[in-house]
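Heads up: the protein sequence lines correspond to chains A and B, in order.
Just so we're aligned: 443 in my numbering is position 443 of the first sequence, and the numbers increase by one with no gaps anywhere.
Basically my numbering = 1-based index in the second sequence + 497.
In short, the hints are calculated from the structure, not lab data.
Keep in mind it's a predicted model, so treat the numbers as computed, not measured.
Do not take every clue at face value.
[Claimed, not checked] Calculated pairs, DSSO-like style, for lysine-lysine (alpha carbon to alpha carbon, straight line, at most 30 Å): (1) B:K868 - B:K856; (2) B:K856 - B:K938; (3) A:K450 - A:K160; (4) A:K438 - B:K606; (5) B:K659 - A:K307; (6) B:K772 - B:K859; (7) A:K333 - B:K705; (8) A:K450 - A:K115; (9) B:K659 - A:K450; (10) B:K943 - B:K868; (11) B:K859 - A:K438; (12) A:K209 - A:K491; (13) A:K450 - B:K705; (14) B:K937 - A:K438; (15) A:K333 - B:K701; (16) B:K943 - B:K728; (17) A:K307 - A:K491; (18) A:K162 - A:K438; (19) A:K209 - A:K307; (20) B:K604 - B:K525; (21) B:K937 - B:K652; (22) B:K772 - B:K659; (23) B:K859 - B:K945; (24) B:K728 - B:K938; (25) A:K366 - A:K438; (26) B:K945 - A:K450; (27) B:K659 - A:K438.
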Amino acid sequence: MTDILIKNLPILVVLCPLMMSLIVVLIPNIFFSWLLTFASTFVAFIFSILLYQEVQIHSTISYALGNWAPPLGIEYVIDKVSIFPIIIITLIGFLTTIFSSKMMPDEINETSISKVYSLWLLAIAGLIGLVTTGDAFNLFVFLEISSLASVALVAMGAQKDKQALVAAYNYLIIGAVGATLYVIGVGLLYGITGTLNMADLSERVVDLKNNKALIAGFGFMIVGIMVKAAVFPMHIWLPRAYAYAPSAVSVLLAATATKASLYILARILFSVFDIADNLIINTLSYIILPLSIIAMFAGTIMAVYEKDIKRLLAHSSVAQIGYITLAFAIGTKASVAAGFIHMFNHALIKGALFMAITSISFYIQKRVTLSNLSGLGRAMPITFFCFVICSLSLAGLPLTAGFISKLYLIKASIGADGLWIAILILFSSALSVIYLWKMIEALWLQQPRKEIIIKENPTIYISLLIITFLNIYFGLDASFVVDSSIEAAEKLVGVSK
Amino acid sequence: MISFENLILITLLSPLLVCLLTPLLSSKPILRDILGPFGGIISSWGSIQLMASILNGEQPRLELLQIAEGISISFVVTPLGAIFGLVASVLWIFAAIYSVGYMRGNKEKNQTRFYIFYAMAVHAALCIAYAGDLLTLFIFYEVLTFSTYPLVTHKQNEMAQKAGRLYMSILVGTSVILLLPAIIWVWVVTGSLEMSQNGVLDGKMNPKYAPYLLAMFVFGIGKAALMPIHKWLPAAMVAPTPVSALLHAVAVVKAGVFTMLLILTNVFGIDFLSKTGASNWLVWLASFTLLTTSIIAIYKDDIKARLAYSTISQLSYITLGGALASSMATQGATLHIITHAAGKITLFFVAGAIYVGAKMSKISELNGHGKSMPLIFLAFFVGSLSIIGVPPMGGSWSKFFLMLGAAESGYITVIAVFCISTILNAYYLMEIPARAFFFKKEREVKIKIPILITIPTLITCFLTILLFFFIEPFENLTSIMVSKL
Chain A
1 MTDILIKNLP ILVVLCPLMM SLIVVLIPNI FFSWLLTFAS TFVAFIFSIL LYQEVQIHST
61 ISYALGNWAP PLGIEYVIDK VSIFPIIIIT LIGFLTTIFS SKMMPDEINE TSISKVYSLW
121 LLAIAGLIGL VTTGDAFNLF VFLEISSLAS VALVAMGAQK DKQALVAAYN YLIIGAVGAT
181 LYVIGVGLLY GITGTLNMAD LSERVVDLKN NKALIAGFGF MIVGIMVKAA VFPMHIWLPR
241 AYAYAPSAVS VLLAATATKA SLYILARILF SVFDIADNLI INTLSYIILP LSIIAMFAGT
301 IMAVYEKDIK RLLAHSSVAQ IGYITLAFAI GTKASVAAGF IHMFNHALIK GALFMAITSI
361 SFYIQKRVTL SNLSGLGRAM PITFFCFVIC SLSLAGLPLT AGFISKLYLI KASIGADGLW
421 IAILILFSSA LSVIYLWKMI EALWLQQPRK EIIIKENPTI YISLLIITFL NIYFGLDASF
481 VVDSSIEAAE KLVGVSK
Chain B
498 MISFENLILI TLLSPLLVCL LTPLLSSKPI LRDILGPFGG IISSWGSIQL MASILNGEQP
558 RLELLQIAEG ISISFVVTPL GAIFGLVASV LWIFAAIYSV GYMRGNKEKN QTRFYIFYAM
618 AVHAALCIAY AGDLLTLFIF YEVLTFSTYP LVTHKQNEMA QKAGRLYMSI LVGTSVILLL
678 PAIIWVWVVT GSLEMSQNGV LDGKMNPKYA PYLLAMFVFG IGKAALMPIH KWLPAAMVAP
738 TPVSALLHAV AVVKAGVFTM LLILTNVFGI DFLSKTGASN WLVWLASFTL LTTSIIAIYK
798 DDIKARLAYS TISQLSYITL GGALASSMAT QGATLHIITH AAGKITLFFV AGAIYVGAKM
858 SKISELNGHG KSMPLIFLAF FVGSLSIIGV PPMGGSWSKF FLMLGAAESG YITVIAVFCI
918 STILNAYYLM EIPARAFFFK KEREVKIKIP ILITIPTLIT CFLTILLFFF IEPFENLTSI
978 MVSKL
């Protein structure tokens with residue numbers, strides 16, 4: 001029994017939320033639909049832990065879907081690289097589901113809740129599928145599953161604020177363009193190589209150096225994924241989508257959605273194609289590197305001038321995605337590892353910040369803007385405490401997870417003779433202190449306009465506390481994140497560098 | 498016999514315990530106020546033991562926490578660290594007593610918060626003193642900055658907030674943008690964050706880049722207050738005087754120059770510096786700062802502002818001593834950490850005493866008040882003599898060694914800089930007792946100085962004299978520090 005379970009884990013981790021989403025939609029009761037969602041995300045999380053242990057033993061697990069052997073059939077690959085985003089997605093999915101239990105009924109009609117949870121599970125399943133699959137076209141399928149489910153989730157925000165419809169529409173159109181570009185790229189590659197399996201692709205593209213169709217196909221794929229990953233300047237869908245989505249959805253999307261696409265980006269850049277190839281070197285140093293640096297500053301500066309806190313955090317996400325793509329663009333083993341470290345830590349940090357802000361908005365029953373925040377820190381000490389810790393983590397203060405990211409990122413850039421990059425990274429993170437400080441100052445130092453009494457709700461702050469604890473824990477004992485990121489990077493670029 | 502690991506823990510944790518216990522005792526002011534001096538005594542006892550162990554040729558170390566491979570929080574007692582640790586913990590006893598007198602005498606608000614962050618800052622300073630690797634050093638350097646922010650903005654008015662913003666942006670900005678990448682650069686070049694007695698860069702770093710790395714360190718260590726990043730120190734003077742006395746004359750600024758000396762000796766290594774000449778430019782920058790700020794000090798009428806500029810100038814002595822890259826100058830610079838600390842804390846204590854006792858903060862107001870506050874002004878006089886470097890005060894030793902060091906490394910001009918600066922020191926410091934004792938009194942002021950202020954002031958004043966006669970153990974420590982080179 002356990003053997004069968006272990007053997008089928010790669011598909012089970014996807015199927016568990018996917019199947020449950022079909023069941024949840026039929027259940028009219030709010031509590032039971034939540035409970036089933038909770039159960040399936042929890043099981044998915046357990047599966048991902050089991051998978052992690054398996055990967056430690058076997059290093060790569062290949063699963064042939066329906067027993068059709070790859071490269072003809074669809075292959076699911078779990079290795080030391082892909083296990084990393086799987087853990088992020090299932091962990092955050094599980095924590096946000098706990099978080100959503102109070103937030104959803106507050107923002108969504110009773111009748112739509114089970115549908116929302118169904119979409120919720122669909123989005124999570126899509127994201128997990130995205131990172132487990134080893135098939136370029138199957139990847140497109142999951143990309144669309146997760147995007148369409150996310151778009152629908154964002155649109156649910158319209159029950160509170162009609163702006164959500166515009167946001168969802170933007171997200172839909174731009175996301176569809178991205179997906180189309182990606183699938184055109186896959187088509188071109190299929191045309192010249194005759195395979196859709198990524199491992200197979202990577203062997204066949206070696207012989208096709210300087211093939212025009214290959215370069216075009218690569219370009220389409222990369223741009224398509226960059227749209228999904230919200231790499232500057234293809235990020236314009238992101239701030240609105242994050243800002244107007246229902247609270248729990250913002251948290252889920254901010255922490256996981258772009259991470260999965262960033263992982264795909266790394267996989268295509270380093271695993272399907274070869275980093276020693278001129279095509280990749282040029283793409284990295286002339287396209288992704290400059291865009292990442294612009295993103296770092298543009299996102300931060302936009303955040304400094306933003307008054308609406310959810311949008312502010314979304315702009316800051318754009319900047320943080322810049323750090324991750326910058327790490328990929330440097331293209332050494334150390335820097336790719338740094339990118340993975342930041343991917344993990346940023347999921348924890350941004351998830352926590354969005355949780356804190358959306359719970360504040362739940363307590364005061366208003367959109368959270370800078371002026372709304374004044375003096376709230378004293379009224380909600382636990383939420384405020386978590387918010388401060390995670391802000392410090394975002395700023396990269398020592399002994400928090402964010403510091404570990406910055407440390408490795410800077411070490412990697414100095415190690416690659418990029419002292420100026422290191423200085424730019426630090427300069428932009430110093431700028432990020434400005435907007436963080438503005439929020440903390442408003443929460444703590446300003447006097448409230450009228451006396452506010454708020455009773456903090458344990459079901460809301462429990463997941464916030466857990467995720468804040470993780471922010472500190474991974475700052476004090478980072479060996480799990482660092483070691484597995486270095487292993488992942490070794491697997492991706494180790495062969496050539 | 499307590500193991501060295503526990504000894505380090507005791508020394509470091511006693512201020513932290515004070516910091517944690519203070520809020521619990523906020524309703525019992527007497528107990529709360531005793532905590533500080535009590536913690537200081539325990540911590541000083543620990544730091545004296547640690548210093549003795551160094552003199553016996555041992556090297557206490559403590560590995561506290563492993564964050565990831567190659568990154569850990571660890572503590573090592575070096576001769577230089579032992580000296581800084583001793584200075585910070587011993588002076589904390591007196592500063593803690595003094596701050597009780599000051600805070601009560603001045604009826605300040607939020608006293609509990611004040612004591613919490615005061616102890617926190619001392620904790621951070623001690624952790625810097627015993628930091629075993631560059632990352633630990635950086636972490637507690639930041640903790641020190643953050644823990645002093647609530648002290649600088651203690652008055653919570655517009656001016657204090659403005660000063661606090663300047664304070665934070667300079668100190669955090671420089672350390673994050675320059676110090677951190679410099680540390681990581683060393684990490685990349687040498688492959689570890691460890692430091693060693695002989696420096697770690699020799700043979701690993703291209704000498705061509707050494708001046709740039711040094712520049713990143715020099716401007717990254719904002720707490721050493723070299724021009725042009727010195728502005729935060731005068732701004733920090735809005736804080737209550739005990740903060741200026743312990744933190745902005747001893748703990749914070751000395752943490753800056755301590756870090757600077759540590760980087761110069763244990764990261765670059767004196768040999769490497771003198772061989773490559775990487776620090777030549779620093780000699781001139783420090784000399785420039787030293788003279789310019791002395792001149793600015795002359796024009797400051799506010800006592801604390803004048804003392805602040807005097808501090809910047811004296812800190813440059815220490816940086817200059819390190820930059821000269823000779824063993825004699827390094828010894829002088831290290832001794833100057835002690836002698837200047839004892840002297841300057843006395844001067845600040847006096848400034849605070851005058852403020853609490855007579856509500857005066859301008860030098861021009863002091864005319865003729867010497868007779869009504871004789872002990873206080875006498876203490877100021879003695880402290881000034883030590884800063885100027887007149888025997889039989891402790892300050893004479895460090896200046897002596899610094900001048901010898903300048904001669905040893907062949908910088909004749911620097912000797913002239915020291916001489917000119919001594920004259921300037923005498924000019925701006927002696928004006929204060931001179932006005933107090935020899936000028937005619939312009940108005941009568943009612944004077945009431947709490948005993949808890951007078952006593953610590955006299956003790957630290959006495960320490961400056963004592964240092965002249967008992968400099969030997971410290972001199973031995975500094976020679977251990979340079980002998981292994």
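Hint by hint, here is what the structure shows:
1. Our distance criterion of 30 Å between C-alpha atoms is met by K868 (chain B) and K856 (chain B), whose separation comes to about 17 Å.
2. As the CA atoms of K856 (chain B) and K938 (chain B) are separated by approximately 16 Å, the hinted pair is consistent with the 30 Å bound.
3. Taken as a hint, the K450 (chain A) and K160 (chain A) pair is honoured in the structure, with Cα atoms around 25 Å apart against an allowance of 30 Å.
4. Annotation: proposed proximity of K438 (chain A) to K606 (chain B) holds, straight-line Cα distance about 25 Å (limit 30 Å).
5. Straight-line distance between C-alpha atoms of K659 (chain B) and K307 (chain A) comes to about 23 Å, which keeps the hinted pair within the 30 Å bound.
6. A distance of roughly 48 Å separates the Cα atoms of K772 (chain B) and K859 (chain B); the hinted pair therefore is violated under the 30 Å criterion.
7. For the hint pairing K333 (chain A) with K705 (chain B), the CA-to-CA distance comes to about 27 Å; that is within 30 Å, so the pair holds.
8. Between K450 (chain A) and K115 (chain A) the CA atoms are separated by roughly 39 Å; this puts the pair beyond 30 Å, and the hint is violated.
9. A hinted pair counts as satisfied when its Cα atoms are at most 30 Å apart, and K659 (chain B) with K450 (chain A) qualifies at roughly 26 Å.
10. Simply put, K943 (chain B) and K868 (chain B) have alpha-carbon atoms about 13 Å apart, close enough for the 30 Å limit, and the pair holds.
11. Between the alpha carbons of K859 (chain B) and K438 (chain A) the distance comes to roughly 36 Å, so the proposed pair goes past 30 Å and is violated.
12. Distance restraint check for K209 (chain A) and K491 (chain A): the Cα-Cα separation of roughly 22 Å lies within the 30 Å cut-off, and the hinted pair is therefore satisfied.
13. Restraint check for K450 (chain A) and K705 (chain B): the C-alpha separation of about 62 Å exceeds 30 Å, so the hint is violated.
14. Annotation: proposed proximity of K937 (chain B) to K438 (chain A) is violated, straight-line Cα distance about 52 Å (limit 30 Å).
15. Straight-line distance between C-alpha atoms of K333 (chain A) and K701 (chain B) comes to about 22 Å, which keeps the hinted pair within the 30 Å bound.
16. A C-alpha spacing of about 35 Å is found between K943 (chain B) and K728 (chain B), which places the hinted pair above 30 Å, so the restraint is violated.
17. The suggested pairing of K307 (chain A) with K491 (chain A) is violated, with an alpha-carbon distance near 43 Å, which exceeds 30 Å.
18. Taking the CA atoms of K162 (chain A) and K438 (chain A), the gap is about 28 Å. The hint holds against a cut of 30 Å.
19. Of the supplied pair hints, the one linking K209 (chain A) and K307 (chain A) is violated, its CA atoms being roughly 49 Å apart against a limit of 30 Å.
20. A distance of roughly 16 Å separates the Cα atoms of K604 (chain B) and K525 (chain B); the hinted pair therefore holds under the 30 Å criterion.
21. Restraint check: the Cα-Cα separation between K937 (chain B) and K652 (chain B) comes to about 34 Å, which exceeds 30 Å; the hinted pair is violated.
22. With a C-alpha separation of about 44 Å, the suggested pair K772 (chain B) and K659 (chain B) falls outside the 30 Å cut-off, and the hint is violated.
23. The straight-line distance between the Cα atoms of K859 (chain B) and K945 (chain B) is roughly 18 Å, inside the 30 Å bound, and the hint therefore holds.
24. A hinted pair counts as satisfied when its Cα atoms are at most 30 Å apart, and K728 (chain B) with K938 (chain B) does not qualify at roughly 34 Å.
25. For the proposed pair K366 (chain A) and K438 (chain A), the alpha carbon gap of about 19 Å is at most 30 Å, so the pair holds.
26. Simply put, K945 (chain B) and K450 (chain A) have alpha-carbon atoms about 43 Å apart, too far for the 30 Å limit, and the pair is violated.
27. A C-alpha spacing of about 14 Å is found between K659 (chain B) and K438 (chain A), which places the hinted pair at or below 30 Å, so the restraint holds.
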